[in-house]
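Novice: For reference, the chains in residue letters:
2 protein chains.
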Amino acid sequence: MAGKPSEFALIAKYFAPLASDPGALALTDDTCLLEHYAGSDLVVTTDALIEGVHFLSEDPPNCIACKALRTNLSDLAAKGATPAGYLLALALPGKIDTAFLEAFARGLGEDQKRYGLSLLGGDTTATPGPLTLAITALGRVPAGGMIRRSGARPGDGVYVSGTIGDAGAGLALLQCGQAAGRDADFLIGRYRLPQPRLELGTALRGVASAALDVSDGLMADLGHLAEVSQVRIVVEAARIPRSAALQALQGNSPEAMVRAATAGDDYEIAFTAPSEAAVLEAGKAGGVAVTRIGRVEAGQGIALLASDGREIPLIKAGYSHF
Amino acid sequence: MAGKPSEFALIAKYFAPLASDPGALALTDDTCLLEHYAGSDLVVTTDALIEGVHFLSEDPPNCIACKALRTNLSDLAAKGATPAGYLLALALPGKIDTAFLEAFARGLGEDQKRYGLSLLGGDTTATPGPLTLAITALGRVPAGGMIRRSGARPGDGVYVSGTIGDAGAGLALLQCGQAAGRDADFLIGRYRLPQPRLELGTALRGVASAALDVSDGLMADLGHLAEVSQVRIVVEAARIPRSAALQALQGNSPEAMVRAATAGDDYEIAFTAPSEAAVLEAGKAGGVAVTRIGRVEAGQGIALLASDGREIPLIKAGYSHF
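Chains as they are written, first to last, in this note's numbering: chain A, 26 to 347; chain B, 26 to 347.
One thing to keep in mind: the hints can contain errors.
Unchecked claim - According to the in silico footprint, chain B covers these stretches of chain A (three or more CB under 8 Å from chain B):
1) 47-54
2) 72-79
3) 92-105
4) 140-147
5) 163-172
6) 331-338
Said to hold, decoys possible - The calculated label-pair distances, taken between Cβ atoms and stated as ranges, are:
7) 207/B to 81/A: 44 to 54 Å
8) 312/B to 300/A: 55 to 65 Å
9) 178/B to 41/A: 22 to 32 Å
10) 63/A to 51/B: 25 to 35 Å
11) 317/A to 41/B: 31 to 41 Å
12) 51/B to 300/A: 37 to 47 Å
13) 81/A to 312/B: 43 to 53 Å
14) 337/B to 214/A: 33 to 43 Å
15) 200/B to 81/A: 28 to 38 Å
16) 303/B to 31/A: 46 to 56 Å
17) 41/B to 325/A: 36 to 46 Å
Claimed, not checked - Here's a subset of chain B near chain A, in silico, CB distances under 8 Å, partners left out:
18) 103
19) 114
20) 120
21) 122
FYI, nobody ran anything at the bench for these hints, they're computed from the structure. C-beta atoms are modelled at their ideal positions from N, C-alpha and C, and glycine is treated no differently.
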């Protein structure tokens, strides 16, 4: 189309410079190549992000790129994996211009340096619909060392990294147009730029009995873990770590705690482990606070307990895309 | 949303049954797991298909599913890889109903049996835009055995599998509403259901010096191969294999031959090789006709020659998505 770069020119200009790994074959082949690594398994995840669903049209392009990459890296982190690279399938609406693409590619480039990985392959096409990105991230774990969702056992403690509820509050601030002040900046930053807990993830190998990343909402995601592990998970609401900014904004009512526990987009690691001492060591190695929020019991389902021990009824445990 | 299955119900009903490989972890984890295979490399490719761009809204859902999977398998085939599995990121518009999903999943299930692979993971979300699928396919090749685009050398022959131009003619028939008759059925079938040449691909290991799959158009794709291999590729138009159905529809004029050589969606393997005898053996093992269409020379670029040896000027060598 006149005035538009061709698909190949676009790949050459913006994406080939991101293909730093030799296995990316400079994005000039049908596939990328991952050489055999003795003693390691490969873990793979894919996530699609859609304009208006997973990010806002007015979000900065570099943040959109970084969020797409980091949500995938967060999945790798929760499995104890080290990132090996990623593939990007990009469907671009007509309104996307070179300024957008430049910022988008710059965001990816900065995160590649930050997390030590390379673009390995991709696909770029035009769409009559909203901007849609599908990233597939590949990571390596020592053979047999992937931390699964299925290993939680009665008696294990339940833990979560970082703070919970920030991103949900940041999104709400953006949606109601009240995005001013230092606390708001912090919360919106937590929505726009997840921090994949890669160092914690690798430190949790052999320590966590089960883990996942919190994306749909803490209680919803722990519900998934409980279901796959065939156990019951009990969380004490007052123990859920909430940032100072979130507490300043929402207070400390039971409702505020439920809101944090059911908001999405946290991208922290929730996990279970038999040894609290080992968890504390892993938290130190991982460079992020780790908080014990509950316990694993025999049974099924999840429960959120108030300070008096009563169960708090949850209307919804988290976010569903439908 | 009322009356809609939740994301999890949808995955459990339609997609979990496709996750036959243990490494898919029944689609209940953050990632899938590919165990280490001694002596093999992994090749990975991703392709997005968008309604109205890569398939038509009225295409049967099972064909859409199969085409999405097969275009990725065709990339693996061209690299000499054996499919290991695939991940599916699916963005569903509101109009998609259970009848669509059932047919879509049935198509995938049938192709999984046909090609011996499993769904390994995925992501399902709602979109306000057109139906968008991104498939990431993973395959294995013996270590160091991937057939790249970069290995063509002067003196090699240039070959292509199957017949060229059918899918482009099938799409044109659909677009002009003249889709009646046995020849039309054949050509439309070639557009809707590519045949990834997996057996040929594995047979070409150690035989082909370079290969790719023909998706943008034969001349365009050979142009990519020539560029990456830093050689010149010369194709004789009269040698390009065209099906009886295509010849019946379009005749044998030079224009018809150029149209075939520049149509897209063929999903055949174009390759170069030093030994014609070895190619013929590989073609037998691959169960598909292989035709020598030209030669590799020193230099750069591509040329399409008429029967009298004159170069046929190409206005466009193939399809660009922009």
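Novice: Between residue 317/A and residue 41/B, does the C-beta distance stay in 31 to 41 Å?
Specialist: For residue 317/A and residue 41/B the Cβ distance comes to about 32 Å; the hint holds.
Novice: Using 8 Å as the Cβ threshold, decide whether residue 114/B counts as touching chain A.
Specialist: holds, 4 Å
Novice: For the hint on residue 103/B, just tell me whether its beta-carbon gets within less than 8 Å of chain A.
Specialist: It holds, given that the least Cβ distance between residue 103/B and chain A is near 5 Å, below 8 Å.
Novice: Let's test the interface hint: is any C-beta of chain A closer than 8 Å to that of residue 120/B?
Specialist: violated, 13 Å
Novice: Count the residues of the segment 331-338 of chain A whose Cβ falls closer than 8 Å to any Cβ of chain B, and tell me whether that reaches three.
Specialist: Coverage by chain B is violated for the segment 331-338 of chain A (0 residues, Cβ < 8 Å).
Novice: Three residues minimum, CB to CB under 8 Å: does the segment 163-172 of chain A make the cut for coverage by chain B? Let me know.
Specialist: holds (count 4)
Novice: For the segment 140-147 of chain A, count the residues whose Cβ lies under 8 Å from any Cβ of chain B; is that count three or more?
Specialist: holds (count 3)
Novice: Minimum Cβ distance from residue 122/B to chain A below 8 Å?
Specialist: violated, 13 Å
Novice: Note whether the CB distance of residue 207/B and residue 81/A lies within 44 to 54 Å or breaks it.
Specialist: Given about 52 Å between the Cβ atoms, the range holds.
Novice: Given a hinted range of 36 to 46 Å, is it respected by the beta-carbon distance of residue 41/B and residue 325/A?
Specialist: violated, 19 Å
Novice: Per the hint of 46 to 56 Å, is the separation of the Cβ atoms of residue 303/B and residue 31/A within bounds?
Specialist: Between residue 303/B and residue 31/A, where Cβ atoms are some 36 Å apart, the hint is violated.
Novice: Can the suggested window of 43 to 53 Å be confirmed for the beta-carbon pair residue 81/A and residue 312/B?
Specialist: Because 51 Å falls inside the window, the suggested range holds.
In terms of the numbered hints stated before, the structure departs from hints 6, 12, 14, 16, 17, 20 and 21, listed from lowest to highest.
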